[in-house]
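S.K.: In order, the protein sequence lines correspond to chains V and S. Letter by letter, the first sequence follows residues 136 to 469 of the numbering used here. Letter by letter, the second sequence follows residues 5 to 277 of the numbering used here.
Incorrect hints may appear among the rest.
[As the list claims (entries may be wrong)] If we take Cβ atoms under 10 Å as the criterion, some of the chain V residues that face chain S in the derived model are:
#, residue
1, A146
2, V149
3, A158
4, S159
5, A162
6, A166
7, A171
8, Y191
9, I285
10, E317
11, T322
12, R332
[What the hints assert, rightly or not] Where chain V lies over chain S, by a calculated footprint (3+ residues, C-beta under 8 Å):
#, stretch
13, 20 to 26
14, 78 to 84
15, 89 to 98
16, 109 to 116
17, 199 to 207
The set of hints was computed from the structure by calculation and includes no laboratory data. Quick reminder that beta carbons are idealized off the backbone N, C-alpha and C, glycines included.
What follows is each chain in one-letter form.
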Amino acid sequence: METLAELLPRAGGVFVQMEDEIASISAVIGASWTGAKAMTATSGPGFSLMMEALGYAVFTETPCVIVDVQRAGPCTGQATRVGGGDVMQCKWGMHGDVEIVALAPWSVQEMYDLSVRAFNVAERLRLPVFLMADEAVGHLHETAEFHDRIAVEQRDRRKGFPPFGHGDPGGVPPMPCFGDGENLLVTGSTHDERGYRKVEEPQVHARLVERLRQKVLLRRDELVDVERYMLDDAETVIVAYGFTARGALAAARELRGRGRKVGLLRLRTLWPFADKEVAALDGRARRVFVPEMNHGQVLGEVRKHFRGDVAGYGQTDGEVIPVGTIVREVERLT
Amino acid sequence: MTRVFEQYLRPGVKATAFCPGCGHGILLHGILRAVDELGLDREKLLFVSGIGCAAWIPSPHILADTLHTLHGRAVAYATGAKLANPALTVIVVSGDGDLVSIGGNHLVHAARRGVDLTVICANNEIYGMTGGQAGPTTPVGAISATTPRGNPYATFDLVKLVLGAGAAYVARYPVTQPRPMTDAIKKAIRTPGFAFVDVASPCPTQFGRRNRFEDVGALYDRTHDLVLPREEAAMRPQSELAGRLVVGEWTPEDLRLGAGIPHDGPGPGGPPC
Chain V
136 METLAELLPR AGGVFVQMED EIASISAVIG ASWTGAKAMT ATSGPGFSLM
186 MEALGYAVFT ETPCVIVDVQ RAGPCTGQAT RVGGGDVMQC KWGMHGDVEI
236 VALAPWSVQE MYDLSVRAFN VAERLRLPVF LMADEAVGHL HETAEFHDRI
286 AVEQRDRRKG FPPFGHGDPG GVPPMPCFGD GENLLVTGST HDERGYRKVE
336 EPQVHARLVE RLRQKVLLRR DELVDVERYM LDDAETVIVA YGFTARGALA
386 AARELRGRGR KVGLLRLRTL WPFADKEVAA LDGRARRVFV PEMNHGQVLG
436 EVRKHFRGDV AGYGQTDGEV IPVGTIVREV ERLT
Chain S
5 MTRVFEQYLR PGVKATAFCP GCGHGILLHG ILRAVDELGL DREKLLFVSG
55 IGCAAWIPSP HILADTLHTL HGRAVAYATG AKLANPALTV IVVSGDGDLV
105 SIGGNHLVHA ARRGVDLTVI CANNEIYGMT GGQAGPTTPV GAISATTPRG
155 NPYATFDLVK LVLGAGAAYV ARYPVTQPRP MTDAIKKAIR TPGFAFVDVA
205 SPCPTQFGRR NRFEDVGALY DRTHDLVLPR EEAAMRPQSE LAGRLVVGEW
255 TPEDLRLGAG IPHDGPGPGG PPC
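Looking at chain V on its own, in the form it has when it is part of the complex (with noise of 0.2 Å):
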């Protein structure tokens, strides 16, 4: 944030300090509905005060991107170490039932990368998105290369639709913005296609709040982003995201050199699960496992669609999960 308050007004933009985090994804919000692009960053207690603004932004469709930079928790926990424990909260944090999209990076490359793929899915499906990164892969120093163009995805501002729906079971609707002088009506109350509040009607609830999940789950394929490394023949398949998926695939290499097959299946999406991609390890590896800076938020995940064995190591410690520990926990495994 410190960067983009100098470098944001040089190209035109805005950067404000607002007085906490809830009036940052608040300030965020109203920035988008007048066509910008909005972000904000965050981590721990931060995160947990978005909450409640995150609902509205999904409920409302509003485009942005929210980097939280996991720290251990819980409560202020180690402000500046590292943790894996908001995987849960970016999807279920908000009351109601929500799909959202939550990106993982593990490098410095990533955090750009991605930055602008979170931008572009916002842009495109209306609504916010993560980037869940972590503490060990925010204070990173490394090489990354930053591209002179990159592929910036335009928000459907066309007039005269109705801002909140139509037909379509999964469809985003066009959004039209402040001062386009189409009189927005945009609530966080239950609301039909026109932005009328409906709070009384169940069926209208009802299909708000399905076209709202639909639209993240129909698009599941074009969303779910997965790495695969020597899975062709991985007997054990270590499933892993953020910094830990470094530990984890210099772990599996180590660990093919001592003549066991293993894999890794690196997840760049947290959200929506890569529900099918694991499912897909099933009849070829014969195990998972599961290395996390948190209690088994991921491997509860895995093991609803894996088959066969499925372990976890959690390690909340505030530190970053050692190769060698990785590699003994896998050697205890076969």
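On the provided structure of chain V, position chain S as indicated by the hints.
M.R.: Relative to chain V, chain S alone:
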């Protein structure tokens, strides 16, 4: 009564959500009259509100862009919208519970930042929509759902609060003075920087009934009788100002020592004001 303001109402919205005798309808009329008299470009007009009865003044009634946000957060949403598109005229309309209690932090910081917003506080001295709970504007001694023995706590003087926080223009008028109220709203909109209008808007349902005002008229009489113009207040000893509704306009110039800061702070307790 002229029907000229119908053009400012959103088609399909047939009835207001306000109780009989609520002051918010008068305030809605005043806002529309101000918009009309200023000749504002409605395409560049954005109303932002929070949660509560007053948040319904613009949303869904007014035919312009309206953003009906979360409880207390309207000013923060408005700040983002105004900074991202300075061409918009951004007007926040919400209640005292919303703006001053839940959103109090956003209010003072927006005033401090001096973002070009107009914030209109429909002040009914109580949380109306949620069932008549006490807020930071509930008079000392007043009965509410959460102060059945009388409110023991002091109230915020919104004029002092927001002016002290750095607002460029602050005014206070009740809906019983619709013309000065409307003029103040016009001035607030024209003011570059942060402007705030505290509008006393009686709530017969939640405040009036609990505090034994026989009918709507009696509650409006109370508001009318509490009014004290700031010029007159300046001539009176502090002890006579407790609980009075000191009305007028203030600018940062009034913060200079001895310039007569309004005072309508907590009364001595007992029955409402």
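S.K.: For every hint, state whether the structure bears it out.
M.R.: How the hints compare with the structure:
1. The restraint placing A146(V) at the interface with chain S is violated, with a minimum CB-CB distance near 14 Å, outside the 10 Å limit.
2. At a threshold of 10 Å, the smallest CB-CB gap from V149(V) to chain S is about 5 Å, leaving the interface hint in force.
3. Checking A158(V) against chain S by beta carbon gives a least distance of about 4 Å; that is within 10 Å, so the hint holds.
4. Restraint check, S159(V) versus chain S: the minimum CB separation of about 8 Å is within 10 Å; hint holds.
5. Hint status for A162(V): holds, given a least beta-carbon distance of 3 Å to chain S, under 10 Å.
6. Annotation: interface hint on A166(V) holds; nearest CB of chain S at approximately 4 Å, less than 10 Å.
7. Taking 10 Å as the C-beta contact cut-off toward chain S, the hint placing A171(V) at the interface holds, the least distance being around 4 Å.
8. Evaluation of the Y191(V) hint against chain S yields a held restraint, the C-beta minimum of about 6 Å falling below 10 Å.
9. A cut of 10 Å between beta carbons decides the hint on I285(V): the least distance to chain S is about 21 Å, and the hint is violated.
10. Taken as an interface hint, E317(V) checks out: its beta carbon lies about 7 Å from the nearest beta carbon of chain S, inside 10 Å.
11. Among the interface hints, the one on T322(V) holds; its C-beta lies about 4 Å from the nearest C-beta in chain S, closer than the 10 Å criterion.
12. Here the hint on R332(V) is kept, as its CB sits about 6 Å from the closest CB of chain S, short of 10 Å.
13. For a cut-off of 8 Å, the count of residues in the stretch 20 to 26 of chain S with a CB near a CB of chain V stands at 0, and the three-residue condition is violated.
14. Given as covered by chain V, the stretch 78 to 84 of chain S passes the check, having 5 residues with a CB less than 8 Å from a CB of that chain where 3 are the minimum.
15. With 3 residues carrying a beta carbon less than 8 Å from a beta carbon of chain V, the stretch 89 to 98 of chain S meets the three-residue requirement, and the given coverage holds.
16. Three residues within the 8 Å Cβ limit are the bar, and the stretch 109 to 116 of chain S against chain V gives 3, so the coverage statement holds.
17. Given as covered by chain V, the stretch 199 to 207 of chain S fails the check, having 0 residues with a CB less than 8 Å from a CB of that chain where 3 are the minimum.
Against the hints set out earlier in the document, violations occur for numbers 1, 9, 13, 17.
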